Amino acid sequence: MADVILKPIGNFDLTVEAEVVTPDNFAGKSADDIGKLLVWQGPEELPLADFFSVEGNGGSSAEDTTIIIDGEIPRVKRIGQEMTGGKVLIKGSAGMHVGSGMLGGEIIVEGDAESWAGMEMKGGSIHIKGDTKDHVGCAYRGSWKGMSGGRITIDGNAVSQVGGGLVGGEIIIGGSVKHFCGIRISGGLIVVKGNAVRTVGAEMTGGTIVVGGCIERFTPGFEMVDVESDLKFNDIECPGEYKKFTGDYAIPQKGKGTLYVSCNNNECL
Amino acid sequence: MEALLNTGSTIDEGRLAKGGSKYTDDYTKECAVCWMCAEDFTSLGCPEKVAVISRDRKYSVALTTKVTEAMRSGQVFIPRSIWANVVVEPDTFSTGSPRYKGSPVFVEPTDDEILSAEELVTKMYMGGE
Amino acid sequence: MVYKNIICPVCGGSCDDVQVNLDKKNGTIDVQNACKMGNAKFQEVVSHHRILKPTIRENGKVKDVSWDEALEMAADILVNSKKPFFFLGSETSCEAQEVGLHIAEYLGGLADSNATICHGPTVMGIQESGMVGATAGQAKNRADMIVYWGVNALESMPRHMSRYGVFPRGYWTKRGRFDRTMVTVDPRVTPTAAASDLHVQLNPNSDYELLSAMFTILNGKEPHPSVEEITGVPISVMKQTVEMMKESNFVAIYVGLGVSSSYGKHRNIEIALNFVKEMNNYTKCNIGALRGHCNVAGFNQLASYLYGYPFGLDFTKGYPRYNPGETTCVDLLREKDVDAAFVMSADLMDHIPAESAQYLADIPMICLDIAPCPSTTAAEVVLPGVIDAMECDGTFYRLDNVPVYFEPFTDSPFSETKSNEDTLKQLFAKVKAKKEA
Ligand code: SF4
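Chains as they are written, first to last, in my numbering: chain Y, 1 to 269; chain V, 270 to 398; chain D, 399 to 835.
Just so you know, the hints here were simulated from the structure itself, not pulled from any lab data.
Remember, predicted model here, so these are calculated numbers, not experimental data.
Certain hints may be false.
Examples of chain Y residues lying across from chain D (beta carbon under 8 Å, computed) [what the hints assert, rightly or not]:
no., residue
1, F12
2, T15
3, G42
4, P43
5, L46
6, T84
7, G85
8, D134
9, F180
10, I183
11, T219
12, P220
13, F222
14, A250
15, L269
Glycine included, C-beta positions come from ideal geometry on N, C-alpha and C.
Extracted from the complex, chain Y is given alone in its bound form (with noise of 0.2 Å):
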């Protein structure tokens, strides 16, 4: 495993764009190579050195190399963007975009992530140690399927439009989420440890949603099925009993999403 540590030394007063920052195009370079890659800010195109140190030589391939961001960027985005393989570990926050579209290997961020986190990635993980914003692991506009491989984990808070689209994979949420969480999805897995505000599932036409904590506005169009306890996902675990529902009704496609909600935390459903 070969590491190479970015350090960020620049300005970032405009947001930089450094979606050269994967393992994949610094694989077979030396440190100096990499920091004549590009990034953008702005209109300019600028060379990585402006705005990182760069310690290290790539591996021989993706899978051979480790990206280490010893700092915050949350104003750097799109790092890890479409990376097939190795590793990315970034020790602060992370901007937007991280590890959008991204098709396999891993990404930690030991911070929060700006919204678009894993945008219709298709397989790898991310995991996010903080919290995040809008839109984890959802379709880009316009487009009905989001992401459809992979795990994301998020040890923290989501805000709104977790997971839109999904068909695929799996999304689990350590903390709460806000608005539309699963909004549209018609398959993969996602798991809200914490509580939701509203919308959950909504337009959902297959898939599965979890949530532990209480649902504050339900979604009208479901209806309960059933009360099942400790339910088991391969290796995800939610231990408890919970009300199991179908829909979302409120879509012509005679509901084949499944949403289960706590029974503890949401007597009044």
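Fit chains V and D with the ligand to the known structure of chain Y by using the hints.
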């Protein structure tokens, strides 16, 4: 008092804004106004003026009160204008459009002076120039 | 002299029947047919507060300068900016907006328009699910049920009800108001709501739940009972509304900012559009947005056909990209992600939340407008605007996306420019000269 803020057009707001009269007293009188129901007005102690404060308490704007049956308890309305937008939440849920309808705010009685649109820009946004 | 069939450049209604009597000698104008809002703008032609001289701000002091100096300074600001932002407002022609878009593309900046703080979510919703629409004339002649959802039509588009919506006698609605059922969905008892046959007074921010429940009813299922408490509307009323729609011959739904600006945003619109699609299995039903600003629809049309996206265009990489929340006005300013702004024919300062407005006041701003307003106060350079449809010709798009060509009844008051389009072209020439030097 906590309330949900609604903002929107009124006919005179439209007339004055489109007629280029944003720096007139009429415009201030029409727009620097917080509408509420009688019940909320009474519970606030029937104040002549209120401060509407953003949820994070960073921004606050002084307005005259207007009691109307058009409002329900717990909801306030400010005509679409620079005063209203001081306390509208800037977060857009990744849609580009801030929360003109339904921003949570605090409403408290106040003695602060009501700023004109021009004073508001210069004092609040341009750092007192 | 009396001029007939003048187009009103104020709201999305683009009324085309305004009659104007302009007395240049005495500086008076008499306007027939326009509403209060429209009339006020026509008075601008002869008003005293009109901005007639370009100004710049130097060391905190505002001073009059020549057109050439002002344009020079504006070009300097744009060329020296690393990431300029263009707010191409709606109170001007598509022709002027087009030049603005080209400057933004040339400089690799970002461009946005009023839609972003208005019906942007509506446009996003349409992108998600498509739209069953109709022109205003269709609705006027056919619709026997009108739903104003989250819009106070009487005050935001004052003549909508009388020209297209509720009162006019249409081909199949010969008795006007008597042939139409009018429903308003609004948390507030607005004048529009008061004039309706049925007012559904829902709780704020519960439009999605209400639509979703009505959709569930339409699909023959019973919505979850908790929806009554969430929306404040009894399920029986929802059922009644759905039944009324099904029994009508033609339902025209007009949505306003109440739907697109409350929690849910484009998702509210998306489900409304899906609901309308499904409703067409039972009867004719269409939906349209009541667009408050004059040519706000025009920018969406123009940007879509020129660059593929309706608003929030990002040209930084040389090709257009679009992502509301990232490339849109309020977000860019809140995140401090641009370093100069050009604001045309819109009082942006007035309409954005404090955090964004504060940053806009911080960065160098060029403002093109006709009357003093918060944006011109905070601007470094102010360029006087020409009033479209009164002083120059051009194109607007009406609320239903029908293009309307307008002709002026008087001339631009400035010898230096014929129209905002002209001003922008002059600015573009200067920008190019500086950039290529
Ligand atoms: S309704 Fe709109 S377009 Fe018609 S006159 Fe009034 S402001 Fe002008």
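Restraint check, 8 Å cut-off on beta carbons, for Y:T219 near chain D: holds, 6 Å
So, as I understand it, the hint says Y:G85 touches chain D; can you test that by seeing if any CB pair is closer than 8 Å? With a minimum Cβ separation of about 26 Å from chain D (threshold 8 Å), the hint on Y:G85 is violated.
Under the criterion of a CB-CB separation shorter than 8 Å, is Y:D134 in contact with chain D as hinted? At about 7 Å, which falls below the 8 Å cut-off, the nearest Cβ of chain D leaves the hint on Y:D134 intact, so it holds.
Close enough to count: is the Cβ of Y:T84 nearer than 8 Å to one in chain D? Constraint on Y:T84 not satisfied, violated at 23 Å.
Holds or violated: is the Cβ of Y:I183 closer than 8 Å to a Cβ in chain D? holds, 6 Å
Cut-off 8 Å, beta-carbon criterion: hint that Y:T15 touches chain D: holds, 5 Å
Should the hint that Y:L46 touches chain D count as held when the rule is a Cβ pair under 8 Å? violated, 11 Å
Verify the interface restraint on Y:P43: the C-beta must sit less than 8 Å from at least one C-beta of chain D. Since the shortest Cβ distance to chain D is 3 Å, the answer is holds.
Identify whether the interface hint at Y:L269 stands, where standing means a beta carbon of chain D within less than 8 Å of its own. Nearest chain D Cβ about 7 Å off; hint holds.
Can you verify the interface hint for Y:F222: is its Cβ closer than 8 Å to any Cβ in chain D? holds, 6 Å
Does the closest beta carbon of chain D sit nearer than 8 Å to the beta carbon of Y:G42? holds, 3 Å
Taking 8 Å as the limit, does the beta-carbon of Y:F12 come near enough to a beta-carbon in chain D? Hint on Y:F12: violated, closest Cβ of chain D at ~10 Å, above 8 Å.
Of the hints listed earlier, those the structure fails to meet are numbers 1, 5, 6 and 7, in rising order.
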